[in-house]
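Chain by chain, the residues:
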Amino acid sequence: KQEVTQIPAALSVPEGENLVLNCSFTDSAIYNLQWFRQDPGKGLTSLLLIQSSQREQTSGRLNASLDKSSGRSTLYIAASQPGDSATYLCAVTSGGSYIPTFGRGTSLIVHP
Amino acid sequence: DGGITQSPKYLFRKEGQNVTLSCEQNLNHDAMYWYRQDPGQGLRLIYYSQIVNDFQKGDIAEGYSVSREKKESFPLTVTSAQKNPTAFYLCASRGQGGPYGYTFGSGTRLTVV
Numbered sequence: 276k277q278e279v280t281q282i283p284a285a286l287s288v289p290e291g292e293n294l295v296l297n298c299s300f301t302d303s304a305i306y307n308l309q310w311f312r313q314d315p316g317k318g319l320t321s322l323l324l325i326q327s328s329q330r331e332q333t334s335g336r337l338n339a340s341l342d343k344s345s346g347r348s349t350l351y352i353a354a355s356q357p358g359d360s361a362t363y364l365c366a367v368t369s370g371g372s373y374i375p376t377f378g379r380g381t382s383l384i385v386h387p
Numbered sequence: 275d276g277g278i279t280q281s282p283k284y285l286f287r288k289e290g291q292n293v294t295l296s297c298e299q300n301l302n303h304d305a306m307y308w309y310r311q312d313p314g315q316g317l318r319l320i321y322y323s324q325i326v327n328d329f330q331k332g333d334i335a336e337g338y339s340v341s342r343e344k345k346e347s348f349p350l351t352v353t354s355a356q357k358n359p360t361a362f363y364l365c366a367s368r369g370q371g372g373p374y375g376y377t378f379g380s381g382t383r384l385t386v387v
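Taken in sequence, the protein lines are chains A and B.
Once you know that position 1 of the first sequence is 276 in our numbering, the rest is easy, because the numbers rise by one and skip nothing.
Once you know that position 79 of the second sequence is 353 in our numbering, the rest is easy, because the numbers rise by one and skip nothing.
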């Protein structure tokens with residue numbers, strides 16, 4: 276059974292820092308990996324989707340990498356801003372039913 | 275714009291009452307999902323449906339029921355058998371096959387009063 280772990284569970288940084296959030300998974304036979312952002316009391320907003328054949332995806336200040344052999348993905352946030360404060364979740368899709376397995380998320384606070 | 279609409283945003287349930295949460299999508303997605311989110315527990319899958327008129331139990335289906343009569347709609351009923359229904363409920367959808375990612379609705383917060 277796929278297991279997804281996100282480290283750290285919480286992170287507090289000053290504005291302007293470059294950040295790395297980690298996501299690890301136990302079964303490397305994945306279809307894709309998706310990073311989401313969740314603001315308090317809101318739904319999940321998709322940030323980046325990486326297919327199993329890809330190594331990375333970029334959107335603005337966000338860059339996500341995927342290393343299937345080591346079972347790891349990282350979300351890099353450049354020049355963090357207070358508006359980046361949210362919980363970041365990764366979801367790994369594997370298996371024939373295409374059911375995603377979610378990590379518990381990293382709660383990020385960027386203070387001015 | 276295409277997306278998923280969940281309603282209501284807030285819902286209050288009395289003890290012993292059944293309530294239904296609505297989820298509608300206009301993305302032409304085949305698969306739809308219901309998740310429950312509790313503080314510190316992450317997302318847990320309740321039910322999912324890969325095609326109209328078919329659905330499967332997830333990890334925590336007890337006390338819940340669903341229907342999938344239309345491609346666009348996947349309502350979730352929280353029955354009186356669900357003893358601890360207070361939670362945040364999220365609906366999601368995706369296109370069929372491997373390459374597609376998931377789209378989520380904005381959620382319904384259910385509180386027992």
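Keep in mind the hints are simulated off the structure, nothing from the lab.
C-beta: ideal position from N, C-alpha, C; glycine also.
Mixed in with the good hints there might be a few duds.
Derived pair list, reagent style SDA-like, types lysine to any residue, alpha-carbon separation capped at 25 Å [to be verified]:
(1) 331(B) / 370(A)
(2) 345(B) / 361(A)
(3) 357(B) / 304(B)
(4) 331(B) / 361(A)
(5) 317(A) / 328(B)
(6) 283(B) / 321(A)
(7) 317(A) / 323(B)
(8) 317(A) / 387(B)
(9) 283(B) / 302(A)
(10) 283(B) / 304(A)
(11) 276(A) / 318(B)
(12) 317(A) / 327(B)
(13) 276(A) / 283(B)
(14) 331(B) / 357(A)
(15) 283(B) / 370(A)
(16) 343(A) / 288(B)
(17) 317(A) / 304(B)
(18) 345(B) / 370(A)
(19) 345(B) / 320(A)
(20) 343(A) / 345(B)
(21) 317(A) / 370(A)
(22) 276(A) / 333(B)
(23) 331(B) / 349(A)
(24) 276(A) / 313(B)
Computed spacing ranges between beta-carbons, pair by pair [unchecked claim]:
(25) 316(A) / 296(B): 38 to 44 Å
(26) 304(A) / 343(B): 17 to 23 Å
(27) 290(A) / 288(B): 31 to 37 Å
(28) 288(B) / 326(A): 24 to 30 Å
(29) 351(B) / 315(A): 24 to 30 Å
*Against which earlier hints does the structure fall short, listed by number upward?*
2, 3, 4, 5, 9, 10, 12, 13, 14, 15, 16, 20, 21, 23, 25, 26, 27 and 28
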